[in-house]
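2 protein chains.
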Amino acid sequence: MSVKAKALYTFQSENKEEINIQENEELVIFDENSVDGWFQGENSRGERGLFPASYVEIIRNRSNSNVTDSSISPPSSLGKVSYFPSLPNTSPNLQHPYYDDEDDDDWDDWDDRSTVVEDSDHTRNPGANGHAHQSPMSNNPNVHYRAKPHMERQDSVSSSRKGSMVGSWNRFSSFVRSGVEAFVLGDVPMMAKIAESYTIDMGLLGPRWKESPQPFCCSIEDPTKQTKFKGIKTYISYRVTPSHTGRPVYRRYKHFDWLYNRLLHKFTVISVPHLPEKQATGRFEEDFIEKRKRRLILWMNHMTSHPVLSQYEGFEHFLMCADDKQWKLGKRRAEKDEMVGAHFMLTLQIPNEHQDLQDVEERIDTFKSFAKKMDDSVMQLTHVASELVRKHLGGFRKEFQRLGNAFQSISQAFMLDPPHCSDALNNAISHTGRTYENIGEMFAEQPKYDLFHMLDKLSLYQGLLANFPDIIHLQKGAFAKVKESQRMSDEGKMDQDESDGIRKRCRTVGFALQAEMSHFHQQREVDFKHMMQAYLTEQIAFYQRVVQQLERTLRMYDGL
Amino acid sequence: MSVKAKALYTFQSENKEEINIQENEELVIFDENSVDGWFQGENSRGERGLFPASYVEIIRNRSNSNVTDSSISPPSSLGKVSYFPSLPNTSPNLQHPYYDDEDDDDWDDWDDRSTVVEDSDHTRNPGANGHAHQSPMSNNPNVHYRAKPHMERQDSVSSSRKGSMVGSWNRFSSFVRSGVEAFVLGDVPMMAKIAESYTIDMGLLGPRWKESPQPFCCSIEDPTKQTKFKGIKTYISYRVTPSHTGRPVYRRYKHFDWLYNRLLHKFTVISVPHLPEKQATGRFEEDFIEKRKRRLILWMNHMTSHPVLSQYEGFEHFLMCADDKQWKLGKRRAEKDEMVGAHFMLTLQIPNEHQDLQDVEERIDTFKSFAKKMDDSVMQLTHVASELVRKHLGGFRKEFQRLGNAFQSISQAFMLDPPHCSDALNNAISHTGRTYENIGEMFAEQPKYDLFHMLDKLSLYQGLLANFPDIIHLQKGAFAKVKESQRMSDEGKMDQDESDGIRKRCRTVGFALQAEMSHFHQQREVDFKHMMQAYLTEQIAFYQRVVQQLERTLRMYDGL
Chain A
1 MSVKAKALYT
11 FQSENKEEIN
21 IQENEELVIF
31 DENSVDGWFQ
41 GENSRGERGL
51 FPASYVEIIR
61 NRSNSNVTDS
71 SISPPSSLGK
81 VSYFPSLPNT
91 SPNLQHPYYD
101 DEDDDDWDDW
111 DDRSTVVEDS
121 DHTRNPGANG
131 HAHQSPMSNN
141 PNVHYRAKPH
151 MERQDSVSSS
161 RKGSMVGSWN
171 RFSSFVRSGV
181 EAFVLGDVPM
191 MAKIAESYTI
201 DMGLLGPRWK
211 ESPQPFCCSI
221 EDPTKQTKFK
231 GIKTYISYRV
241 TPSHTGRPVY
251 RRYKHFDWLY
261 NRLLHKFTVI
271 SVPHLPEKQA
281 TGRFEEDFIE
291 KRKRRLILWM
301 NHMTSHPVLS
311 QYEGFEHFLM
321 CADDKQWKLG
331 KRRAEKDEMV
341 GAHFMLTLQI
351 PNEHQDLQDV
361 EERIDTFKSF
371 AKKMDDSVMQ
381 LTHVASELVR
391 KHLGGFRKEF
401 QRLGNAFQSI
411 SQAFMLDPPH
421 CSDALNNAIS
431 HTGRTYENIG
441 EMFAEQPKYD
451 LFHMLDKLSL
461 YQGLLANFPD
471 IIHLQKGAFA
481 KVKESQRMSD
491 EGKMDQDESD
501 GIRKRCRTVG
511 FALQAEMSHF
521 HQQREVDFKH
531 MMQAYLTEQI
541 AFYQRVVQQL
551 ERTLRMYDGL
Chain B
1 MSVKAKALYT
11 FQSENKEEIN
21 IQENEELVIF
31 DENSVDGWFQ
41 GENSRGERGL
51 FPASYVEIIR
61 NRSNSNVTDS
71 SISPPSSLGK
81 VSYFPSLPNT
91 SPNLQHPYYD
101 DEDDDDWDDW
111 DDRSTVVEDS
121 DHTRNPGANG
131 HAHQSPMSNN
141 PNVHYRAKPH
151 MERQDSVSSS
161 RKGSMVGSWN
171 RFSSFVRSGV
181 EAFVLGDVPM
191 MAKIAESYTI
201 DMGLLGPRWK
211 ESPQPFCCSI
221 EDPTKQTKFK
231 GIKTYISYRV
241 TPSHTGRPVY
251 RRYKHFDWLY
261 NRLLHKFTVI
271 SVPHLPEKQA
281 TGRFEEDFIE
291 KRKRRLILWM
301 NHMTSHPVLS
311 QYEGFEHFLM
321 CADDKQWKLG
331 KRRAEKDEMV
341 GAHFMLTLQI
351 PNEHQDLQDV
361 EERIDTFKSF
371 AKKMDDSVMQ
381 LTHVASELVR
391 KHLGGFRKEF
401 QRLGNAFQSI
411 SQAFMLDPPH
421 CSDALNNAIS
431 HTGRTYENIG
441 EMFAEQPKYD
451 LFHMLDKLSL
461 YQGLLANFPD
471 IIHLQKGAFA
481 KVKESQRMSD
491 EGKMDQDESD
501 GIRKRCRTVG
511 FALQAEMSHF
521 HQQREVDFKH
531 MMQAYLTEQI
541 AFYQRVVQQL
551 ERTLRMYDGL
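Heads up: the protein sequence lines correspond to chains A and B, in order. Position one of the first sequence corresponds to residue 1 (UniProt numbering), numbered consecutively onward. Position one of the second sequence corresponds to residue 1 (UniProt numbering), numbered consecutively onward.
Simulated from the structure, these hints should not be mistaken for laboratory data. Don't take every hint at face value.
Simulated pairs of lysine to aspartate or glutamate, DMTMM-like, Cα-Cα distance not exceeding 25 Å [said to hold, decoys possible]:
1) K398(A) to E17(B)
2) K398(A) to E335(B)
3) K448(A) to E551(B)
4) K293(B) to D257(B)
If we strip away everything but chain A, and leave its shape as in the complex, we get (with noise of 0.2 Å):
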């Protein structure tokens, strides 16, 4: 049954099965049972494909979704650090809120959940070690609310990209709902003991993350369709190998999803690019296997070419465990974690050299404003990239194959006058015909050696780059305390000293925030050398076939 819809965010076909949709705009949606997370409809401007079901809010009649819509008891306050100032989960910001059922038996349904049956089950507990922002400290009875339907279904992709589209939240809610503004503010206990460690050193450019002492990186093989209940549920396998161990684990994708939610948990000033969409079934499911493969390995070298990620010990843990209980042990230690948000900052080494935050906070304006025009022309690049992707298999296609069937067609006519026809010429000229068929088939190929890879790699730092408003916003946050301090101790209402704590530890965020600016720097030079040089290659190699595929044509005239 169809259902009406609107589309909560701007999402862009990126394969000919999906259909772009518009902020706001109007939807129909054939069945609100969503397939592994794609909803099947129509926009509004009759186009019909899948899109994310998570882009989109089902419209109810009234009586019905004010269930949903409202009673929210506004958190109670923890003190000096409130940690809901602006509703988390009303926040286009709030970070992948995730809902783990307490029973971890029912961890092999993820898959194949849609959110649509998420939404409907209220009565599910947020919280626990599923929700980051609450955990540790949030963990109080008094809290209770429902989020509003469209935010309980954010997954993955949807939540970091909304990252840039901030748009009428408090102005420091992710500031403070991060943790940061607590350590600033000292707020944040110093632990006896710290486990954990990462440093920050100067680098020509300025703060970096000190590269980890064992580096690696890790292949991801072989995704494989497995069934669960004899064939009810099919998920896929895919083969990880570290290239320290060499050992491989067999991930799935709700492991991957489970990893990248507790990277957002801890490393709250580190951008950590969204995973690739869910998977679509069926007619183009291989496509969409191939495709989450690709870039689940450029996620993964993202993740294992961070000095910080990389050295995570829950990643260790998805890396490494292969046994189904230790699997479950490290799986709870690591949502036990203490070290996160906040605390995190508490294990960052930082530079003993000045840095005058007047000269941090234009640096880091101007990698915001770097940051906001590198997103809009890897938006353009993707969007033109998509468009070619569809004109090779579309219009290119069409055209050298109309040009091949007209060619043999002259010479379908050419032999129909037997004394007078000759072969050699009807020969050739049929197959320049068969060639111009076969270049419209190397056109729809292309984008697999290509344009696909262009696009995986813009989609990857489509994720990095949605995260740094964020991220600058922390900054701001804990510069605005800075100034606010100084004001404070200028006027005698604060301790000279505690307004120096609140500038050191604003120090240990600015260094950080400029340690991540660096090497996003480093990655995108080396990330971008590698898809212009690779694209340019694939390019070359393809013109040339075409040439090759004409020379040879062109000799079955020589000697008529």
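Dock chain B against chain A, hints included.
Just chain B, lined up with the frame of chain A:
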């Protein structure tokens, strides 16, 4: 002031400023004063642009059209051979009705006179040295008629195109009208002295025109705009240089048109391709001049390579006469040539070989099927190639330019965070952007080197093929007369001698047609081989240039 009109024939646009029109389609014409034979208007699909004035009929209200549609007095019978059994002026098959002015001084106006202006000039008297099918015997003062407006409008293009659209007219009208009936029936008196002689001999594949003893070719160069009457009249003059004299003469389109009409009059069983379209003015003028020049060259090549046409005295006059006075004398002489139409058949020398008429008829039927299929496939290829031109100028260029812009935009973003921006990489990416913009331009330029030439040749062949239904029709008429006379002879109603004479003269028609078919095949093989080779060669060069551009660009990333 815009007026309504109806498309008489289907016209397929070949330039972006032209639009397609369908037979019987309703049109709006913005200004009924056509410019150089072109109307500007809108078709029923709302497309606006140019189309040939000769392809449409302006819809007047009834009171006006009555004047032109009726009052045609049937011509008097001239004995057994009726020259106008179906009024030639109402038949779409009529070959280029053509009204020269009595006075040669008006000659200069042709290029600029719009067809609609001609329409309104009902006082002009057809006949004299202008109209082929009335001359010489129809110079009968009793024969007066007014052609239908749209028949008067025919130009060389439309009249010959119409050849393939033969529809409802009397079965043997062209047979009768052409004089072939008169010739077959022995009603064309043998002349005392025939200066001309064209020989058909037997080749391996059957009858063929004997090669010209003095083969030559002819260049057409340097179209130059000339003005007359202090700049009021402008026209284009071409330098025409035949290889056997090496002396250039200067000719205008109207001279070509005059020659074309002489050829149509004279060479009944020979396919004379139509001239290229007249020129449109305005900002596309240069492209049109260039295109017309290319097509005049192809037309000229066909003339010079034809063993019969190339030896025609009027052609010689056209190629050699450089003196104004001599020109007029030669022009009048050619127009008074009596060996036209039926009489031309008297100039043919055929071999003695016996040919079974049944076999000849089958051979011609085979050719007919072939010519029909070739006409279709030439039309198909023309359509595809025209579309491809449009895509090159539009879609292809746009896609590559967009890609180029997107790369440039990426490079601009990368320059925004100076300490972290790698100039070499940014330069390389920016250069890649410019390379793709270039490639877009190369796509837009490419039709000049390949598709345009293909379209030129296809247009020549459309003209050649369009004539064959009529020519074959002549042969069919002759066959019918043979059968009829045989039956009459068997029934004792005709002398065996007379019947034998008819059979013998029918052989001449059959030999001539076979020679023309053979010549067509021979030229077709050469032309299509060259066309395909030229196309493939230019395509290879094009894609090689693309490869070179990309390779140069790729090298910019080396050592980054």
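Hints, one by one, checked against the model:
Between the alpha carbons of K398(A) and E17(B) the distance comes to roughly 24 Å, so the proposed pair stays at or under 25 Å and holds. Restraint check: the Cα-Cα separation between K398(A) and E335(B) comes to about 52 Å, which exceeds 25 Å; the hinted pair is violated. Distance hint between K448(A) and E551(B) is fulfilled; the C-alpha atoms sit about 21 Å from each other, no more than 25 Å. A C-alpha spacing of about 14 Å is found between K293(B) and D257(B), which places the hinted pair at or below 25 Å, so the restraint holds.
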